[in-house]
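Chains A and B are the protein sequences, given in the same order. To get the working numbering, take the position in the first sequence, counting from 1, and add 1300. To get the working numbering, take the position in the second sequence, counting from 1, and add 5.
Because the hints were derived from the structure by calculation, they are not lab data. Careful: at least some of the hints might be erroneous.
Derived pair list, reagent style DSS-like, types lysine-lysine, alpha-carbon separation capped at 30 Å [claimed, not checked]:
(1) 1358(A) / 522(B)
(2) 409(B) / 1311(A)
(3) 411(B) / 1311(A)
(4) 1358(A) / 409(B)
(5) 1337(A) / 1358(A)
(6) 1307(A) / 510(B)
(7) 1358(A) / 1311(A)
(8) 510(B) / 522(B)
(9) 1311(A) / 477(B)
(10) 1304(A) / 477(B)
(11) 522(B) / 1307(A)
Heads up, incomplete: computed chain B residues facing chain A, CB under 8 Å, no partners named [as the list claims (entries may be wrong)]:
(12) 54
(13) 55
(14) 56
(15) 57
(16) 333
(17) 375
(18) 457
(19) 466
(20) 471
(21) 495
(22) 497
(23) 499
Derived coverage of chain A by chain B (criterion: at least 3 residues anywhere in the stretch with Cβ under 8 Å from a Cβ of chain B; other residues may be distant) [what the hints assert, rightly or not]:
(24) 1307 to 1321
(25) 1331 to 1339
(26) 1356 to 1365
(27) 1369 to 1375
Positions of the beta carbon are idealized from the N, C-alpha and C atoms, including for glycine.
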Amino acid sequence: MTIKLIKNFGKINSIVLLICIILLILEFVGHRHGEFKIEEFLFFPALFGYISCIIIFKVGVALRSIFMRDEDYYD
Amino acid sequence: MINTFPPGLIMFLGAFLIPFLPHLTRQIYMIFLVFLSALSLMNGFGTHLTINLLDYDFIIYHSDNLSFPFAIVFHIAAFITIIYGSHKIDWKENVAITSYAGAAIAALHAGDLFTLFVWWEATAFTSVFLILGGNNSRSFRAAFRYIVIQVGSGMLLLAGAIIFLYSNDHANFGKMSIDETSGLLIFLAFGIKAAFPFLNGWLQDTYPEASEVGTVALSSFTTKLAIYALARSFAGVDILIYIGALMTFFPIFFAVIENDLRRVLTYSLNNQLGFMVVAVGIGTELALNGAVAHAFAHIIYKGLLFMSMGAVLYRVGTCKASELGGLFNYMPITAVCSIIGAVSISAFPIFSGFVAKSLIMSSLGYEGLTFIYFMLLFASAGVLHHSGIKIPFFAFFAHNSGLKPKEAPINMIVAMIISSILCVAIGVFPSLFYQILPYDVSYQPYDFSHVLSQMQLLTFAAFAFICLWHFKIYPPELNSTVLNSDWFYRKMIPGVLENVIIGFKNLNSQFNIFFTKIFQNTQKFIDNLMYKNRVFDREAGFDTLIVVQVFGIVLLILIILQFSKF
């Protein structure tokens, strides 16, 4: 199954996935505190990072139609 | 003599000898100037040189705990940039880089607003030659826009300085208030160079038009000089927190859509300036340390990223993501250096961005600024997206563009390796780095909780990008222009002016028609009166017509005056 995953998902992508899993497990090894109480929720930084990246991508794509012009727009 | 010679001045003056030297001697000479200038930093803190002119004391050389770290990193940046650009035979950029860096360093040591103004303008006039170094019609037009805006900033500073002097009997470069007119003008002057929201267009418009070396130099000095100026005069001004937060927030979306990778880096530069502006706005000792630390680390890693993209531009001739890809096999050292810059700016632990940004985030936590804290945390994920991943990924990986360039020239590689080593060294030895910061604050960035939180945030943000790319949701990069606040002065104002001119032209032609009709009718009337009724035995000519009309008007005025008496 692991080999299948690496084959489908790519070597580097699989390594990143493995690091993600390790980082989630580390959450249970020691106490993780934050600057604010809400950050201490389980997997908060992981979820925040993942969702932020998706939002940035979605908003970025949506903004294409508003702010994107031809390459020679100013010429 | 050397004790009273302000750092930077020797570089500024010495730059004028550069054209007379052969290529290799010139490179050694420029590095010698940087070292000579850096020697002055040994003088310690205090006011070292004041010149009385026209009954005013110009404080030419003042050094303290705030100017010192900036001066160090400006010298490092100058040194690295000179090495990076040493393959260029043309001396013009050499003169521009050395004098520009010298002017920026001298500005750091200005003790009064008028001395600051002189160097402020000097940085503008020297750096514009770097944009002209792009050597095409686009860069020429961009240089023109750049100098107008930079000089505009200088004019605001001068106006503020004059009003400040008038109302305070001194013009020391120190704490100011935005509630006073002078403070507000100076705040705006600094804000233009710090690329505040809506005042930022020049940054993305002009920097990417410079040559591969010019952009590296430009990224180091002007904006960080503005951050230094803000930290000196407006530390603790609340509005800076909100301005800075907006600066961190908006550029990330524009960076996502931008195709030109050097322009992506200018958006990223804007975003990073936002972190510093927030820290200046908080104004506590920890936050100001954070602003200075971030500026210091940022100059090095941002320079590194610009250098890597400059190397790509130099070898391939383009920096557009849509035309790049798969260069890792051909430019592996450049790629590795770019990745080091990318992980540094993303603030991965053991790299410089982490130890610098942590100070700012912690100071936000201590001040209880929850909303701003999460905005900056969101922006941190954005930094990873556009600078941490987009830059190295689209240039060196993504897809095979078919390009097979040579590795960057040796001088570029040396410069990039020096920057890479500094990025890692700052991250690994934060306590040494913190010693040069303005305030003595004990801070430990490396604890289990902090490292784990940061790693989770960044790794999962990276994983999100991987998913988007792998499942082909991420759209392809397109050749395009992204509208920014420079649109107001490049399109809107010229458009409005064009319409106003057309309007005036139409109005003018309407007036012409109107008066021609009056003229013709008067002519007919006089013809009828004089010719048809045989007053004169000839037609009324043009001169007769004018005389009659003038008399008519005079008569009308006299009648009106006569009636107005009653």
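Structure-based check of all given hints:
no.: 1; hint: 1358(A) / 522(B); in the structure: violated (63 Å)
no.: 2; hint: 409(B) / 1311(A); in the structure: holds (24 Å)
no.: 3; hint: 411(B) / 1311(A); in the structure: holds (27 Å)
no.: 4; hint: 1358(A) / 409(B); in the structure: violated (33 Å)
no.: 5; hint: 1337(A) / 1358(A); in the structure: holds (28 Å)
no.: 6; hint: 1307(A) / 510(B); in the structure: violated (70 Å)
no.: 7; hint: 1358(A) / 1311(A); in the structure: holds (26 Å)
no.: 8; hint: 510(B) / 522(B); in the structure: holds (18 Å)
no.: 9; hint: 1311(A) / 477(B); in the structure: holds (17 Å)
no.: 10; hint: 1304(A) / 477(B); in the structure: holds (19 Å)
no.: 11; hint: 522(B) / 1307(A); in the structure: violated (86 Å)
no.: 12; hint: 54; in the structure: violated (44 Å)
no.: 13; hint: 55; in the structure: violated (44 Å)
no.: 14; hint: 56; in the structure: violated (45 Å)
no.: 15; hint: 57; in the structure: violated (49 Å)
no.: 16; hint: 333; in the structure: violated (12 Å)
no.: 17; hint: 375; in the structure: holds (6 Å)
no.: 18; hint: 457; in the structure: holds (5 Å)
no.: 19; hint: 466; in the structure: holds (4 Å)
no.: 20; hint: 471; in the structure: holds (5 Å)
no.: 21; hint: 495; in the structure: holds (6 Å)
no.: 22; hint: 497; in the structure: violated (12 Å)
no.: 23; hint: 499; in the structure: violated (10 Å)
no.: 24; hint: 1307 to 1321; in the structure: holds (count 7)
no.: 25; hint: 1331 to 1339; in the structure: holds (count 7)
no.: 26; hint: 1356 to 1365; in the structure: holds (count 7)
no.: 27; hint: 1369 to 1375; in the structure: holds (count 7)
Hint compliance for this structure: hints 1, 4, 6, 11, 12, 13, 14, 15, 16, 22 and 23 are not met, and every other hint is.
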